[in-house]
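Residue numbers (my numbering), protein chains in the order written: chain H, 262 to 462; chain V, 262 to 462; chain X, 262 to 462; chain S, 262 to 462.
It should be emphasised that the hints constitute simulated quantities derived from the structure, not laboratory data.
The model shown is predicted, which means the values in this text are computed figures rather than measured ones.
Keep in mind that a hint or two might mislead.
Copies of the same chain look alike in the list, so a pair counts if it fits in one copy or across any two.
Once the Cα atoms are required to be at most 16 Å apart in a straight line, the calculated EDC-like pairs of lysine to aspartate or glutamate come out as [what the hints assert, rightly or not]:
| id | residue 1 | residue 2 |
| --- | --- | --- |
| 1 | K313 | D263 |
| 2 | K428 | E355 |
| 3 | K313 | E328 |
| 4 | K326 | D412 |
| 5 | K455 | E445 |
| 6 | K267 | E307 |
| 7 | K267 | D323 |
| 8 | K392 | E328 |
| 9 | K326 | E447 |
| 10 | K313 | D266 |
| 11 | K459 | D323 |
| 12 | K459 | E400 |
| 13 | K392 | D380 |
| 14 | K267 | E445 |
| 15 | K459 | E355 |
| 16 | K313 | D323 |
| 17 | K428 | E400 |
4 protein chains.
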Amino acid sequence: MDAIDKLSTLFTRFPGIGPRQAHRFVHFLLRSSPTLRRELAGAIAELAANVKQCPTCQKFHDGGKAECALCTNTHRDPSLLMIVANDSDIAAVESSGTFSGYYFVLGTTLSLSSDKQQDLRESRLNQTVTKHAAGGLTEIILALPANPEGDATADHIRSVLTPFADKNNITITMLGRGLSTGSELEYADPDTIKNAYKNRG
Amino acid sequence: MDAIDKLSTLFTRFPGIGPRQAHRFVHFLLRSSPTLRRELAGAIAELAANVKQCPTCQKFHDGGKAECALCTNTHRDPSLLMIVANDSDIAAVESSGTFSGYYFVLGTTLSLSSDKQQDLRESRLNQTVTKHAAGGLTEIILALPANPEGDATADHIRSVLTPFADKNNITITMLGRGLSTGSELEYADPDTIKNAYKNRG
Amino acid sequence: MDAIDKLSTLFTRFPGIGPRQAHRFVHFLLRSSPTLRRELAGAIAELAANVKQCPTCQKFHDGGKAECALCTNTHRDPSLLMIVANDSDIAAVESSGTFSGYYFVLGTTLSLSSDKQQDLRESRLNQTVTKHAAGGLTEIILALPANPEGDATADHIRSVLTPFADKNNITITMLGRGLSTGSELEYADPDTIKNAYKNRG
Amino acid sequence: MDAIDKLSTLFTRFPGIGPRQAHRFVHFLLRSSPTLRRELAGAIAELAANVKQCPTCQKFHDGGKAECALCTNTHRDPSLLMIVANDSDIAAVESSGTFSGYYFVLGTTLSLSSDKQQDLRESRLNQTVTKHAAGGLTEIILALPANPEGDATADHIRSVLTPFADKNNITITMLGRGLSTGSELEYADPDTIKNAYKNRG
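Extracted from the complex, chain H is given alone in its bound form (with noise of 0.2 Å):
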């Protein structure tokens, strides 16, 4: 195989990137500078080097210390830990303004089409959730998608913490469903009235 196949390649391996848009990817690089092609493949190789996983929430950054800027943030507050699925719920839980507590990642969902034992970090769940309880936590918030893996994520990482939650009395709380900002009636599926309905207030 030739270079620019080569590259073409590697690029339809990319989430949601197409043999297509690869080849123009591979064409944009051919028509770019050296610099660019130099500090691209740079930030590449080097991104495992500079980048590690935060060992309390998982989560992937670069700060000069091992845990991350969150996890080290001690104006936050220890009484409430958010579970998500992936590093970028964590962005946009955080634009919203609404939440001050501490996350965990678990990194993917539970998948309900392949029987692959899917790695949803649990004994690093075990170790993060110990040493906030010790600072005082008492609420879990399980913030996964709203979907069949979501849900069936969620039912798992109840009944793997739930012993722990009961005996050191920690509340696992789920984010409310109901009508998303936009919806409306008419167009809403009968499970998001069902749950609006049952979460009227």
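With the hints as your guide, set chains V, X and S onto chain H.
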């Protein structure tokens, strides 16, 4: 204006229909059987004769009685009244199988862009609420769109109903906000995250 | 079936209209003025009375005469006859300002998926071509869709007309194929590239 | 700027990639194996080393010789030269199986919105045309996008090549315009109808 253009122009007043589709409607009718055209013209002409507005919930219907089938159904729960914007919202809520009380249809929501006074059927609403209060009403659910117009309408209706509700021990609630089915945190807007967090449980 | 459902069902027979939009049409009419409903019903009922089909080109029109305004326009070029699939194609060609001859409307194209014999108005076509031949016709342009149905229709009409055309020194042509406005080679299908290459000049 | 943000920013320079997708690329790489990252960085870094630009047609390639496989293929038709905007146009034309001559790649089209002088590789073009003229070239086909930029580029290239072409009895043609596959008259733009009519046959 000729007959084709005249009918075309009338069809452009239909919701979501532009000149090109209006034109296709007319050509469809030209190629259709005289029977279809006669049936259609008849159904439109007699719509008002056959369809009445339920004096209680304001829904359009063509049952034999003045009141609609829902309002005359004595098996529904008299303690609950849901206020919706449009007739079609009733069908959506009914198909979710989650609500067994009665309805009232405002017919529209307040417009935020125009100064035009919108008719929310308030005097009818007062009569209907009074009637249901006599039947044991304890909760009014505002089931309006989760958008600024829906919120303004909810605020207005709440202020209209509060004095009567307070006097008669009727609670006024709203449909819950949060993640709708299929939502992922990463793509949710800050407002939805805020509501989902507030309504966690 | 009640009046609302009956009218809804009639609207679902309109091209491109599903149950939900049909329902919205009915509610739009319910909220409209009696005048609008009366006008609409009248316009539909009288469509057939006011609109006739031009005996020469087969277009629907409502001029005072039996023949349409185009066919009675003596300033058009009698040497050219364009055969199109639908009435709306005439409007498109006229708005391009490129053609000054006369038209004939087949009313449809051959269907490739059904065995149902389709009526391409062939006996009318023969009469119209004979009439124009007497007026100096030298070229018949097949202006049919650039898809398999259009091609099958063109082949069929060409075989129907060829004997007469040969005898009367009438050329039969087809609209040119190639890159349509806005096309880029990279995204063009092989057939379009083939035609664009063949028709280069 | 940290390593994640730096790589994200580099990815936003890729064609069609916004901040969110750039971020997803970085997280994809973080979760990928070190092998993939190493391969990718290597392929990008060595792209320029392995890929050369064919001195004759200007296409990027990584064959063993300076010239690309197409330009060194002596079985192609030396009487034809097609001028295209981009490397990917060659793949599209080749897959149509319709053209057997040689190519020249301008690399871009003239921009109508910016005053920036665009490099259409004109001195290379002159050399390549001279070379093919010695080999029996009789026709140059301008195969540029059917849009204003493509037309301006075609006009410019034609004026550049005409003196040489006239002297050497080389015809300059353009890809044909008309209905592209799938077009229906009703939805075609006036310009396409005009071209389809002009190029009828």
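Here is how each hint holds up against the structure:
1. K313 - D263: between (34 Å within a copy, 12 Å between copies)
2. K428 - E355: For K428 and E355, the Cα distance exceeds 16 Å both inside one copy (30 Å) and across copies (43 Å).
3. K313 - E328: within (9 Å within a copy, 45 Å between copies)
4. K326 - D412: For K326 and D412, neither the intra-copy (34 Å) nor the inter-copy (46 Å) Cα distance is at most 16 Å.
5. K455 - E445: For K455 and E445, only the intra-copy Cα distance (14 Å) is at most 16 Å; the inter-copy one is 19 Å.
6. K267 - E307: For K267 and E307, the Cα distance is within 16 Å only across copies (11 Å; inside one copy 21 Å).
7. K267 - D323: Between copies only: 11 Å across chains, 30 Å inside a chain, cut-off 16 Å.
8. K392 - E328: within (13 Å within a copy, 63 Å between copies)
9. K326 - E447: neither (51 Å within a copy, 26 Å between copies)
10. K313 - D266: For K313 and D266, the Cα distance is within 16 Å only across copies (14 Å; inside one copy 31 Å).
11. K459 - D323: Neither way: K459 and D323 sit 43 Å apart in one copy and 32 Å across, limit 16 Å.
12. K459 - E400: between (22 Å within a copy, 13 Å between copies)
13. K392 - D380: Neither. Shortest intra-copy (21 Å) and inter-copy (58 Å) distances fail the 16 Å Cα cut-off.
14. K267 - E445: Neither, since 48 Å and 26 Å both go past 16 Å.
15. K459 - E355: between (27 Å within a copy, 15 Å between copies)
16. K313 - D323: within (6 Å within a copy, 37 Å between copies)
17. K428 - E400: The answer is within: 13 Å in one copy meets 16 Å, while 38 Å across copies does not.
The structure is inconsistent with the numbered hints 2, 4, 9, 11, 13 and 14, although it conforms to all the rest.
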